[in-house]
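Asker: In case you want the letters, here they are:
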Amino acid sequence: MHIMEGFLPVSHAAFWGAASLPFFVIGIRRINQKVSANPRLKLLLALAGAFVFVLSALKLPSVTGSSSHPTGIGLGAILFGPAVMTVLGTIALLFQALLLAHGGITTLGANVFSMAIIGPFVAYYSYKLLSGLKVPAGVAVFVGASLGNLLTYVVTATQLSAAFPQADGGMYAAMLKFMSIFALTQIPLAISEGILTVLIFNFLKKYNLKELKDLNVVEE
Amino acid sequence: MLNIDKCAYSNNLINVHPMEKFIFVMVTIIVCLSSNSIITPILILLTVSSLTILKAGVPAKFYFKLMLIPFGFLFLGVITILIEIHTEPALSFSITQQSIETASKLFFRALGSASCLYFFSLTTPLVDFTSVLKKLKLPDILIELISLIYRLIFILVYIAGRIHTAQSSRLGYSSLKNQFRSLSQLVSSMFILSYKKANDLFISLESRCYNGNLNILEKQYCFSAKNIVFIIVIELFFILMEFNV
Chain A
1 MHIMEGFLPV
11 SHAAFWGAAS
21 LPFFVIGIRR
31 INQKVSANPR
41 LKLLLALAGA
51 FVFVLSALKL
61 PSVTGSSSHP
71 TGIGLGAILF
81 GPAVMTVLGT
91 IALLFQALLL
101 AHGGITTLGA
111 NVFSMAIIGP
121 FVAYYSYKLL
131 SGLKVPAGVA
141 VFVGASLGNL
151 LTYVVTATQL
161 SAAFPQADGG
171 MYAAMLKFMS
181 IFALTQIPLA
191 ISEGILTVLI
201 FNFLKKYNLK
211 ELKDLNVVEE
Chain B
1 MLNIDKCAYS
11 NNLINVHPME
21 KFIFVMVTII
31 VCLSSNSIIT
41 PILILLTVSS
51 LTILKAGVPA
61 KFYFKLMLIP
71 FGFLFLGVIT
81 ILIEIHTEPA
91 LSFSITQQSI
101 ETASKLFFRA
111 LGSASCLYFF
121 SLTTPLVDFT
131 SVLKKLKLPD
141 ILIELISLIY
151 RLIFILVYIA
161 GRIHTAQSSR
171 LGYSSLKNQF
181 RSLSQLVSSM
191 FILSYKKAND
201 LFISLESRCY
211 NGNLNILEKQ
221 YCFSAKNIVF
231 IIVIELFFIL
241 MEFNV
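Sequence lines, in order, name chains A and B. By the count of this note's numbering, the first sequence reaches residue 220 at its end, each step adding exactly one. By the count of this note's numbering, the second sequence reaches residue 245 at its end, each step adding exactly one.
Excised from the complex, chain A in its bound form:
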């Protein structure tokens, strides 16, 4: 869930921007290293960024007909690696703010922190951990993608409750409120994103195994 433009006070917006900056700088450095070694990767990365953006603009299947979008975090992180995803996710979020009116410029730092840093890292490492434990690939992808989505929302709820603590009861009460309200929308979303990512991954493995192996070059 994107925090909309103007929802966070200046100090909070600045804080989350500063918190995201080191990850972003590391991501840029890593991309620079890879690109100078192999210029072909620059275009591949650009395509990956466009892919993440278009993915997030697609409509997620739902029974109620509400329009919700996949985050594409899990898929992106598993395919391209978390550090690269931070930079690509930041650009995708910037485009979402400017081209689709989702999110904002001052809240970019906070959204990057939840969706382009915490989400991808959680998705990637839970996927790696589970596949290291010889869990079936489908389960590992499902857990990675839905955990990435869920954690994103927990971080967003934390950011909002830190900005707007309740007068009595403080941040804890605010956290309770935000978590319970957004849980209604986010838990079904996380599950359907998980299922979708598994299906996509199966198709990719069936037909595009060579490209997936190539991408390992991009990853590490």
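Errors might be hidden in some of the hints.
[Claimed, not checked] Derived PhoX-like pairs (lysine-lysine); straight-line CA-CA distance at most 20 Å:
1. B/K219 x B/K137
2. B/K65 x B/K55
3. A/K128 x A/K205
4. A/K213 x A/K128
5. A/K213 x B/K197
6. B/K6 x B/K55
7. A/K210 x B/K196
8. B/K6 x B/K61
9. A/K213 x B/K137
10. B/K219 x B/K6
11. B/K6 x B/K65
12. B/K196 x B/K135
13. A/K213 x A/K34
14. A/K34 x A/K134
15. B/K219 x B/K134
16. B/K196 x A/K206
17. B/K197 x A/K210
18. B/K196 x A/K205
Keep in mind that the hints were calculated from the coordinates and are not lab data. None of these values were measured; they are calculated from a predicted model.
Given the coordinates of chain A, assemble chain B onto it according to the supplied hints.
Answerer: For chain B alone, coordinates are given in the frame of chain A:
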């Protein structure tokens, strides 16, 4: 889907220097966010909206539709802040004077800043925005990725749109199970097609002596004294309103 982009190229403020628009928008957003009253954000909302509709010539209907996009989030967020929850002694809910004040201030502050963001995105094409980023001395690789991604988005949207049409005309989205199946097929074929496109693009660039840099001529803009004076006056006005109330 990318109507905002279309508007950015076809509005009346396209020839204004992008840096002027950027500074105007950023200063206004900061004034709006730091404001402690309810008047300044409302004034900003009204001024910037009328600038967008009257001066830039963005169709009013389209503009209001855009304003509705963040409403779902805004509504949920404001309601959450409005209603206070207590767990002791028993679970109870309440609305206090203070929570009404916080929620209403937040509501207008968010709308006011959103109107500024829309003003920028509706009047400035992304190509101009990258020239602003270049002046802000951001890393070259980032700016290059942004401009490449921007160009590639349209290819992918086109591919995804065609696949989606083909699928829906074969009842691919008729049931929930079909929706999942079709969407995952769409994404995976989009992935392979975009992979191919990236390779093709590289081959075509390399055959034209690509060495890692894309050098593009930028459109030249002039600063206008009139606009700068206008920006200073209007920002001073907003700030004065803040202290008077």
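Asker: Indicate, hint by hint, whether the structure satisfies it.
Answerer: Hints, one by one, checked against the model:
1. B/K219 x B/K137: 18 Å, holds
2. B/K65 x B/K55: 19 Å, holds
3. A/K128 x A/K205: 17 Å, holds
4. A/K213 x A/K128: Status holds; Cα separation ~16 Å.
5. A/K213 x B/K197: Satisfied, since the Cα-Cα distance of roughly 18 Å is no more than 20 Å.
6. B/K6 x B/K55: 17 Å, holds
7. A/K210 x B/K196: 12 Å, holds
8. B/K6 x B/K61: Satisfied, since the Cα-Cα distance of roughly 15 Å is no more than 20 Å.
9. A/K213 x B/K137: 36 Å, violated
10. B/K219 x B/K6: 18 Å, holds
11. B/K6 x B/K65: 15 Å, holds
12. B/K196 x B/K135: 34 Å, violated
13. A/K213 x A/K34: Satisfied, since the Cα-Cα distance of roughly 17 Å is no more than 20 Å.
14. A/K34 x A/K134: Judged against 20 Å, a Cα distance of about 30 Å means the pair is violated.
15. B/K219 x B/K134: Within the cut-off at roughly 13 Å; holds.
16. B/K196 x A/K206: 17 Å, holds
17. B/K197 x A/K210: 16 Å, holds
18. B/K196 x A/K205: 16 Å, holds
Checked against the numbered hints given earlier, the structure breaks hints 9, 12 and 14 and satisfies all the rest.
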